[in-house]
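Engineer: Spelled out from the first residue to the last, the chains are:
Protein chains: 4
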Amino acid sequence: MSLISTHTVAEHATVSSCWIIVHGKVYDVTDFLPEHPGGSKIILKYAGADATEAYDPIHPPDAITTHLPKEKHLGVIDPNTVVKIVKEATAEENIRQELIATRPSLDEIVNLHDFEAIAKAILSPKAWAYYSSAIWFRPRILRDVSVVDWSTTILGQRSSLPVYISATALGKLGHPDGELNLTRAAGKHGVIQMIPTLASCAFDEIVDAAVPGQVQFLQLYVNRDREITRKYVQHAEKRGVKGLFITVDAPQLGRREKDMRMKFVGDSGVAKVQENQSGIRKDEGVARAISSFIDPSLSWKDIPWFRSITNMPIVLKGVATPEDALMAYDYGLAGIVLSNHGGRQLDTARSGVENLMEVVAALKTRGPWPNPKFEVFVDGGVRRASDVLKAIALGASAVGVGRAFMYSFCAYGQEGVEKAFEIIRDELMMNMRLLGARTIDELSPEMVDANALHSHVGLTPPDNLYNTTYQPLALAQFKTKL
Amino acid sequence: MSLISTHTVAEHATVSSCWIIVHGKVYDVTDFLPEHPGGSKIILKYAGADATEAYDPIHPPDAITTHLPKEKHLGVIDPNTVVKIVKEATAEENIRQELIATRPSLDEIVNLHDFEAIAKAILSPKAWAYYSSAIWFRPRILRDVSVVDWSTTILGQRSSLPVYISATALGKLGHPDGELNLTRAAGKHGVIQMIPTLASCAFDEIVDAAVPGQVQFLQLYVNRDREITRKYVQHAEKRGVKGLFITVDAPQLGRREKDMRMKFVGDSGVAKVQENQSGIRKDEGVARAISSFIDPSLSWKDIPWFRSITNMPIVLKGVATPEDALMAYDYGLAGIVLSNHGGRQLDTARSGVENLMEVVAALKTRGPWPNPKFEVFVDGGVRRASDVLKAIALGASAVGVGRAFMYSFCAYGQEGVEKAFEIIRDELMMNMRLLGARTIDELSPEMVDANALHSHVGLTPPDNLYNTTYQPLALAQFKTKL
Amino acid sequence: MSLISTHTVAEHATVSSCWIIVHGKVYDVTDFLPEHPGGSKIILKYAGADATEAYDPIHPPDAITTHLPKEKHLGVIDPNTVVKIVKEATAEENIRQELIATRPSLDEIVNLHDFEAIAKAILSPKAWAYYSSAIWFRPRILRDVSVVDWSTTILGQRSSLPVYISATALGKLGHPDGELNLTRAAGKHGVIQMIPTLASCAFDEIVDAAVPGQVQFLQLYVNRDREITRKYVQHAEKRGVKGLFITVDAPQLGRREKDMRMKFVGDSGVAKVQENQSGIRKDEGVARAISSFIDPSLSWKDIPWFRSITNMPIVLKGVATPEDALMAYDYGLAGIVLSNHGGRQLDTARSGVENLMEVVAALKTRGPWPNPKFEVFVDGGVRRASDVLKAIALGASAVGVGRAFMYSFCAYGQEGVEKAFEIIRDELMMNMRLLGARTIDELSPEMVDANALHSHVGLTPPDNLYNTTYQPLALAQFKTKL
Amino acid sequence: MSLISTHTVAEHATVSSCWIIVHGKVYDVTDFLPEHPGGSKIILKYAGADATEAYDPIHPPDAITTHLPKEKHLGVIDPNTVVKIVKEATAEENIRQELIATRPSLDEIVNLHDFEAIAKAILSPKAWAYYSSAIWFRPRILRDVSVVDWSTTILGQRSSLPVYISATALGKLGHPDGELNLTRAAGKHGVIQMIPTLASCAFDEIVDAAVPGQVQFLQLYVNRDREITRKYVQHAEKRGVKGLFITVDAPQLGRREKDMRMKFVGDSGVAKVQENQSGIRKDEGVARAISSFIDPSLSWKDIPWFRSITNMPIVLKGVATPEDALMAYDYGLAGIVLSNHGGRQLDTARSGVENLMEVVAALKTRGPWPNPKFEVFVDGGVRRASDVLKAIALGASAVGVGRAFMYSFCAYGQEGVEKAFEIIRDELMMNMRLLGARTIDELSPEMVDANALHSHVGLTPPDNLYNTTYQPLALAQFKTKL
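Chains as they are written, first to last, in the UniProt record's numbering: chain E, 1 to 482; chain B, 1 to 482; chain C, 1 to 482; chain W, 1 to 482.
This is chain E alone, in the form it adopts within the complex (with noise of 0.2 Å):
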């Protein structure tokens, strides 16, 4: 392999010649500029130049040798062309670390709101909240409640929650150890978790972080080359995955207006340098970048493709509907997670545990619920036992917390994680005993009044792309004169 000089990468530094160094090595990503799933802007930024730092925290260590064609492998930089930088910490991060230092004990945290207030992550998806809270209970008194039992099983997989992990990109961003903090405090905990297409560990490192027996799931997003998706699924099933769940609710990433705004902070010359160039509009990168990672074109067509090479069951995530959760019951699948992407998505798509009512009524139309071969999941800003129960009341078998787990590693690691676990369990085995109910089972539609829930008023549904997705995001600012 040859060595290359920082000066020569420095010359292509253009989106018609544009060379990045990552981990000490010289890439050209002219040609996959434009393929990038996050734009090939904060590529440019870097053209030229070292991308590692930025690239480590949001990909798995073997993204770019894996996805970019050998050829395109140019050589390694000459250490002695390398001008070492002493990085200084800007205001930002240092008043970061600072409060990482005056963060509360762990013991202090009484709730999964705290690790998101502490997490700084400070606005949440308000749908489920809204939802939720619209679902009131029904306790029934004077059962023997002694004994309380929230264990289940999921997918035929025993669980010592009635919660599973679920995916949620770019754990790096919040702590150098991403992902694995859920692995380690879910095999501690029995508790399951769905390893993301998009982690920022590899998917060796999380199934290798995992202890004899520990249950994982995978969430998959669908590449349009059907040979990568085929070879990753069934690795995957190799390596003891028990369970597939497809992403079936983003044939596009959302816009993130959020993200657009961020690229306007301090970030000028990124711009002018594209402005130049090719005669491309900017703004044209997004729908041409998911060509390869997500596969718009997906369909129930190739739903019998991925029964042929799997025999872990296949959950479909990101159901909406009755008809489509009656079509994934007659396509043979193992179950459904109604969600709206956090929100994320779709502005005003109806919310998961809103959907449930109708989902669970059009498949008790196929036979007695709850069916042993087909299962709905739930997912989507819960941060209460109350929500859980509520959603199994109505019918679900489980349900899917992201963002409050990855707040809890976000400002904790691992300890956080297990921290809102043991949240959690302290808050059913109170709700189950004040509900009158000892087992998940016993959980059952009496116990919830849902009248509420299809009115859907009581505040005007928010528009959350553009008020609290991730952050809020600010109007447009004047520039200031200084």
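Take the hints with a grain of salt, since some may be wrong.
Any copy will do: because identical chains look the same in the list, a pair fits if it lies in one copy or spans two.
As the list claims (entries may be wrong) - Subject to a maximum C-alpha distance of 35 Å in a straight line, what follows is the list of computed DSBU-like cross-link-like pairs (lysine-lysine): (1) 45 / 188; (2) 188 / 238; (3) 70 / 301; (4) 231 / 188.
Worth flagging that the hints you see were computed from the coordinates, not collected in a lab.
Dock chains B, C and W against chain E, hints included.
Structural biologist: Here is chains B, C and W on its own, set in the frame of chain E:
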């Protein structure tokens, strides 16, 4: 034409004899005062003086010559008598200029709300926002959405978007090129523009700015003098206009309380002039002023006459009930626009999108829907592609957008309008993919849950007229002692 | 009549012997203390002293002579013993005078809300505002609305507006001419005034101020002593009053918590006087005070008697249910006023406009509606012509407006009331045109959508009594150390 | 009894050997630590030291001698070894004293909200407030309401109000006389008091404070050791208690997140002690602590036993469903209290007043209502007589008020409670007159409109546990650098 001195003009500065100068010519507007659509007071402010600067942004250049009888065209101002005034920019204007100089770059605009904030039209009508939010999506999955097409036809004309530019008045107040910004952007992007009767550019200017094949419609306020209307309509048809939208929800202009409030900011001189005159109560001006420009006697009896003077398809703009929708259908018209005039006319009138469901249900009693002989449009407060898709799913052909486009050219001229088209296009692509609708035809009632629409609750409907039209209406102020 | 020195009067300053001076005459009010409608405490404040200044704004001049037995009229104060006190204006009064001097010109008033803000009656009852907003218009188009007529008849009397002036008490508190402002403005504009039993002007003063042919009604609180009531009613009929409105929703005055709170601001002396007296609990005063002025025993049994003493049409003011509406009809009365007494009596009583629909539905079981023998009126919180039109569309004959007119004369005297009439007139013209209703008769239930009225939701109904009656009620204050 | 030096006691200051001093006696509480209802941590704070001052306001004097085996009573503290500590008032206490000294006079209290504000129990549960507001009155007119009577019977006992004093714990925290304030005021005014199991005064003290003929009920937490419960109940019956209210909605104390949060304010020493001990996770303490005081195994099977040990009428306190109401009826009990435990146990449990309608409807299937054999009570958040009247109109016998009375004695002792009774009495008189109901029996379902109750909307139901129980719960705080 005689030469008149500024001194002579200045002697005619009362209600009983009122001359003004426009574009260097002198006009006797005494008899016209009570007829002026904007009220006599605003003219009296310039009685005996040059009104050009106030006249230009809100009238087509030929308005005064067209509407004032020839005998009132008194002559040309003697240039030797004109004292050149170096106009000092007001503090407000300076601030405005500074804001324009420092507005964010067009790249930073990520949605139509941004235009609005920047255009300083701070508070837009909330009606649609509320109602459309009360409709929820029911997205379908696993359809091949690699190719999505949002083009459609409107009254038989191709449109690149399921959206047309609705008529808004007085464009030059926001940008010197006024409505031409819309024409030029629409021509480039295949969008249909509705030309307003009260445009600040002349009708022919707007038509001349179109590219070959570009489709334009005409919005019509019916004049008490039907001959003027006949000429105007037939001229439009001759110039190639493809559809006639007769406004039927404005037999009288709404009380513009904000405008009324404005009059009392630093403008006490005028009131005094009028008080000393003629015994006519000031506030009767408005009622009388509408006598020629907008005819309150317009009724169904006039419809056959309209059909006799033009072959353009005729659409009634401003229908609000199924009863009237059926009458329009039975009169053989081509369609209707459901509208509450942007919430600016009759307070607590139901919004177009709410009436849509009832209207479509009624029209289905006349035959299958969509009906090739009759189209239903909706306008009012649209800011998101999701708003558009919901209306179409419920049975509309297309949606009119007025103020959002006006805001976009106020802030950025033609480029702003083009950016607005691109944002709508990007949102349509994303939302249609996420909904599982590949074409406009695939949008169906099953894709939305509009149950909450009729409950009319959530937030107490505000008194829009009082609180939000145009700008928040301040309470009458106590005079400051300074 | 004997001459009494101020010194002698001053010796009678306790509950067991309480003399006061009013208009230079001395009265022994000891026995009257527990009967005083405003409570004994307020009189005791002036025990042994001159009460004229406090007496005048809230009583007709003849109130004391009428209600106090002749033997309690002790004599005339000896002028030689009176020490002239130069009254120093309070800081508050100074501010008030300054606000009056700097109030906006009447031209600047564009709607009735403006009067309210200026009259500093900061928070008005929200009930109607909410309910009326929950009714939506269904405007009709293409009717010839060049001529619009909003005049009507009320109890057979012509009225230039579908609005009458409802009774409000204590007008002189706001303006020295009190209710006469209403009489004079009403006479000039052909509006009907309802004269309140608790007017601050004498009944005859108000009748005398009317122009020939001006229509006036009488609002009646029924006295325990029916003879007093009989004389009052027959006197009114003789003076030409055309309708009798008997208040039936106030068998006891509501707890005026705001008034009770007021007493503790800078007024500790009185409490001490009373504490030292007679063992009577202070707060029992109110209950006993109503014993003569408002009779809690009033019942249906009294109705025939009323019919026997007058030929005026009799209307029950303060009906809230269809059951009672039917009884009123069956008793042969002329009509009812649906009212919740402005939200000031029974908290969370439903508002008049909500009851209207149920009441009209019930009355239709007695015959077609409108029924020439029986009229239904509504009052409470009306601020817009749109409020009026909605009530009429739902079956009311006319709407009572009380506080808005009171606010208008508090701020501007008679001119303010006239301006208020003009605003209502202008709003009626505009709204009727926009609705497509040319006369009051053309207003029909089809023109409104009142489906949301019954859901009673939107905003949690506030505890009006606590939060908003008259003025926001401050919590009890800790004494300041100063 | 042996004499023990403070020095010796101080040597037993750990989890493995924990001695404390209470009222001059030394106790070994080592084994009791995990059983303490308030958790072990609070005791450990006083390990090896004098706990009297912390013990007194929250325990009856005999609590420690009753619950601790004789052999753990070690002896008496040697007075010679005690160092007199001059207790310095804390800044907080000083502020409290100052507030007490400057509290408004009792005359200024005009409603129960005032007590609450002054008692600084700033945020009370919103549940009832919301639900009760969602019920609207339908007042009847023209009934002779000169005499109004609001007395009633509760479980066959005369009560001067349709309100009883519900059990609240730990009264001495607010006032040195604790629950005796309630007993004395109740005796004077003919109101029934429910004595709480967790009173801070001894049971016999409370009974002794009653006047002859005064009615008291008993609230019961059932002990795992039924013998203790049997003795307690039979002792109560012997002392004259007239009704037994068994709490059935608290098989486990709710997670008191506010209390948990409190522990971390200036209290780090304790945590350290515990951390160094015994490997037991701190947060498991609560679960274990309930093992003796509150029995989670309590079930319907226990009901016959209760009936066998007492002749008092038995009422289940904390029923939430019609199903359980019918079971209580069929088990031959005397009644139920509909309650959601003040919103403090199970979040989003429906409030008592909402369940009332369903429960009464179900009980009507067993015979006419009201049913002399079975009474339904409601509690939670009552602040107004209007709240009381609505519940009775819907079928309740009477309403329990707990916190409002507690607030009233916290701020003013016995006099405060009496004032609260008077306020309720005055409000009842006024509201019954305005409603047209002369007696409690005349209150009927027709007098309320409860249609909105089931819609469960208006405001999104808040997460009470998180936001408002006791005090607003602050988020976990970052440690301040100081």
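Engineer: Please go over all the hints and tell whether each is borne out by the structure.
Structural biologist: Comparing the hints with the structure gives:
| no. | hint | in the structure |
| --- | --- | --- |
| 1 | 45 / 188 | between (41 Å within a copy, 32 Å between copies) |
| 2 | 188 / 238 | within (23 Å within a copy, 55 Å between copies) |
| 3 | 70 / 301 | within (33 Å within a copy, 75 Å between copies) |
| 4 | 231 / 188 | within (30 Å within a copy, 47 Å between copies) |
Going down the numbered hints, you'll see the structure goes against none, and every one checks out.
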